[in-house]
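Here the protein sequences line up with chains A and B, keeping their order.
Once you know that position 223 of the first sequence is 222 in numbering that gives the first Met the number 0, the rest is easy, because the numbers rise by one and skip nothing.
Once you know that position 35 of the second sequence is 34 in numbering that gives the first Met the number 0, the rest is easy, because the numbers rise by one and skip nothing.
Source of the hints: derived by calculation from the structure; they are not laboratory data.
If you're wondering where the values come from, they're calculated on a predicted model, not measured in any experiment.
Every residue, glycine too, gets a C-beta built ideally from N, C-alpha and C.
Be aware that one or more of the hints could be misleading.
[To be verified] As a list, the in silico BS3-like pairs of lysine-lysine whose alpha-carbon atoms are at most 27 angstroms apart:
#1 A:K267 with B:K184
#2 B:K128 with A:K212
#3 A:K271 with B:K125
[Unchecked claim] Derived list of chain A stretches under chain B, where covered just means 3 residues or more per stretch with a C-beta under 8 angstroms from a C-beta of chain B:
#4 187-199
#5 261-274
#6 283-296
Spelled out from the first residue to the last, the chains are:
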Amino acid sequence: MLKSKKIIVLISSILIISLLGVVGCSNQAGDSKVIKLATAAPMTGDYAQYGEYSKEGLELALEEINKNGGVLGKQIELVYGDDKGDPKEAVSVAQKFVNDRKIVAILGHFFSGATLAAGPIYEQNGIPALAIASTNPDVPKVGKYIFRINVGDNYQGMQLAKWLYEKKGIKKVAVVYDNNDYGKGVSNVFIKNFKQLGGEITTVESYIGGQEKDFSVIVTKIKESNAEAIMMASYPTEGALIAQQARNNGLDIPLICTDSIYTDDFIKLGGKAAEGAIVVSYFHPSDPRPEVQEFIKKFKEKYNKEPNSWSPYAYDAMYVMADAIKRAGSTDKKAIQKALAETKNFQGATGITTFNQDGEPEGKDLIILTVKNGAYVPLDE
Amino acid sequence: MLFQQILNGLTIGAVYALVALGYTLAYGILGLINFSHGEIYMMGAFIAFTCISIFNWNIWLSLILAVVICGLIGIVVEIVAFRSIRHGARSSQLISAIGVSIVLQNIAMLTWSSRTQPFPQIITTKIIKINDIVISNLQIYILATAVILMVTLYLLLYKSRIGIAIRATSQDPDTTSLMGINVNKIISITFAVGSVLGAAAGILMGLYYNSIVFNMGYTVGLKAFVAAILGGIGNIPGTMLGGILLGFVESISAGFISSQYKDALAFLIMIIVLLVKPTGIFGTKEVEKV
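All chains should be built: construct the whole structure from the sequences, respecting the hints.
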């Protein structure tokens, strides 16, 4: 009896102390001289290069915004979290972010799996999150606090299926995908749309990214299935391996790749086998729009290299968020969420961003690229 | 398609067998599951890559150097991580091996970055077509090298004085040392031999896939461990066959059932083998040494 009383006293004192802590924190947030944002991406591990691309875009935008006086007269401070692209890590990063009361909004996460795992935590805690590269169709369905800057796979998969079937006249396609939320999502949408158009999916193969190196078995099956092209939802490392092993097995049909592969690593690792591969994207440096050209100029000045599509997404995400905070007129999370949802015709490096009611951007156009002489160039049609 | 898949399985199986031999040698002589062996495989590929791509050294010199350095790494690992706890608990040896694995992986990550690197293409790939079956010259080189290395290992173990000493040490180290054999030296040699095989496998795979990454040893190490268990860990011919068998199971199950269940089926077969014959397919009953 005495023991249980002691426990009750202990628990209630812990509760009181934690309550005080919360109050203390929220007071601090109001006095703060900076606006604290957080971003999460794979900074280490197998997919570390994506985190690097994202960081380059974010840093460029951050520098410009802060140089021009910041937002609401305050400088923006950006905190980095490393989710390794892994849903399990993403959850712990998200927990850390929501426990920091000063963080008013999240830019990220990057991979679909990470956003799908971390999203519900942000939704429950009412922190707006703007995902940078999470294309899975389920991402906007997580809740009203979850947005994304990039186009979802519903759109990309459909566009790709249409383009292949109607423009290229390819009727039989083999599908290979990385067995994660991204790969599954985009290939399912593609398969559904391609079949609806009347095309035939000869075989569907998957593998575990970051572990699988031997694709000779998959390549042999595709060859046997008499496909006219391979639709590939892969990351550069595996994409390059598939391209090489296909060529080494005498399989010489077009490779159609989703935008996840659009990095220099694919060309570097794939070498000759990557030549002629078709890559879809929403950004290419040859785009004549002034927002794109200005971004490329600034990016080249700072980093001395050509951007791929991930840095501009991150760059746009930072500006869209800054714009929303400005329109919200405060760092109140609810107000930021409302302002984000009202974003209309935002002109950025990756096209025009208008969110629909799910928090999904509308109206960005697919660009079709091909690898030629070791570089991505727009496909002549 | 069946023959093509068998050929695919044979190529990858030969590599599993080479790496698995390292597990079997370490287990045979120390009763130790050396989980750091996969990292030696990775080191072999990276050292060869550094010599060829960065220092631009002669190809043959680079390959030999990579294999020799890995042999030395094997000796150092044994001395640093296993010698002092040789008579300690099995679990501490296992933990020590996992520790070495983490250290080597992180050294590789810090030295060569976490990015996947293209392995220099020192052999131009040629394709040979026989009816419907496609064989690349790389596959032939891999199989030939694996066979040569395995035959050499067999001759070393069963036809040479060092081999007799190695086998004697694995049977009874105390009595062997009473016969005037330096057991420590023999154990070092065994680790060096295992590491050389692992490094050679790493270089072959680097060539075959044309890409290397700091954690490439993890998956292969695990698969090779399964291969060794399957064939009977501690048993040299059994391990070789275990590797080939695992390669077959993987390519046949992926080819005729689904690529999604490739790994699951390989592990399922290992579990079934362990339930039916706990010493592995070719393993012999071993009396637990005290």
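*asked:* Hints numbered earlier in the text: which of these fail when held up against the supplied structure?
replied: Per hint list: 1, 4 and 6 violated.
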